[in-house]
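Novice: Full structure from sequences and hints, please.
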Amino acid sequence: MSLRPAKCYTQPKRPYTRISRRVPKKSYVVGVPEPKIRQFQFGDSKAAFDMEVALVASRSVQIRHNALEAARTNANKYLADNALTYFFKIVPYPYHVMRENSMATGAGADRLQEGMRRSFGSPVGFAARVRAGQTLIIARVAKDKEAVAREALWRAAAKLPTPCTIEVKVLK
Numbered sequence: 001m002s003l004r005p006a007k008c009y010t011q012p013k014r015p016y017t018r019i020s021r022r023v024p025k026k027s028y029v030v031g032v033p034e035p036k037i038r039q040f041q042f043g044d045s046k047a048a049f050d051m052e053v054a055l056v057a058s059r060s061v062q063i064r065h066n067a068l069e070a071a072r073t074n075a076n077k078y079l080a081d082n083a084l085t086y087f088f089k090i091v092p093y094p095y096h097v098m099r100e101n102s103m104a105t106g107a108g109a110d111r112l113q114e115g116m117r118r119s120f121g122s123p124v125g126f127a128a129r130v131r132a133g134q135t136l137i138i139a140r141v142a143k144d145k146e147a148v149a150r151e152a153l154w155r156a157a158a159k160l161p162t163p164c165t166i167e168v169k170v171l172k
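For the sequence shown, the tail end lands on 172 under the numbering used here, and the numbers increase by one without skipping.
Note that these hints are calculated values from the structure, not bench results. Treat the hints with care, since some could be wrong.
What the hints assert, rightly or not - Computed list of lysine-lysine pairs in DSSO-like fashion (alpha-carbon distance at most 27 Å, straight line):
| no. | residue 1 | residue 2 |
| --- | --- | --- |
| 1 | LYS172 | LYS36 |
| 2 | LYS26 | LYS36 |
| 3 | LYS13 | LYS143 |
| 4 | LYS172 | LYS7 |
| 5 | LYS7 | LYS46 |
| 6 | LYS46 | LYS77 |
| 7 | LYS46 | LYS172 |
| 8 | LYS25 | LYS36 |
| 9 | LYS143 | LYS77 |
| 10 | LYS36 | LYS89 |
| 11 | LYS89 | LYS77 |
| 12 | LYS7 | LYS36 |
| 13 | LYS26 | LYS13 |
| 14 | LYS159 | LYS143 |
| 15 | LYS172 | LYS143 |
| 16 | LYS46 | LYS143 |
| 17 | LYS77 | LYS159 |
| 18 | LYS159 | LYS25 |
| 19 | LYS89 | LYS143 |
| 20 | LYS77 | LYS36 |
| 21 | LYS169 | LYS159 |
| 22 | LYS13 | LYS46 |
| 23 | LYS159 | LYS89 |
| 24 | LYS159 | LYS13 |
| 25 | LYS89 | LYS169 |
| 26 | LYS77 | LYS169 |
| 27 | LYS172 | LYS89 |
| 28 | LYS13 | LYS25 |
| 29 | LYS46 | LYS25 |
To be verified - Now the in silico label distances, taken between C-beta atoms and shown as ranges:
| no. | residue 1 | residue 2 | range |
| --- | --- | --- | --- |
| 30 | LEU84 | ARG155 | 17 to 23 Å |
| 31 | ALA48 | ASN82 | 15 to 21 Å |
| 32 | THR105 | ARG155 | 31 to 37 Å |
| 33 | ASP44 | ALA109 | 51 to 57 Å |
Quick caveat, the model's predicted, so the values are computed rather than measured. For each residue, glycine too, the CB sits at the ideal point set by N, CA and C.
Specialist: Structural data, given as structure tokens:
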């Protein structure tokens, strides 16, 4: 089964989230694949930094877990190559379970599928529900590496389904 376009899942709809790892019997949602994004913090979290650069969402959307992973890898690689010390954090966590009512195609598909009968769909992945004005990514760097952090977040914003703004804050 191929990946559907992101426009199928971008608009925020009713949340579908109840998954319990400790007590699986209490899960409402079963058969969910693991999220692609695993790590949310990178770099040196205890160091003292001068600047904090943040990526802020302009619209309320749902961001798929693979889009968050693509933004993370792109920005983190750029920061690791160009800034000596940095702290990088992905803020939203993908809790929302996306469903897909898969349709058969090809010869004889009409005999195999049920159309819109029992069309609730099966879980295919996760999405993070983001509000307008919410911070998506934070990068903390030294004062001379502010341009590097801006470029890293600008590259990450290209992977996300919402227009984003970059905000800079002086920490000291």
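Novice: Any hints this thing doesn't respect? Which numbers, in order?
Specialist: Failing hints, ascending: 1, 3, 4, 5, 18, 22, 29.
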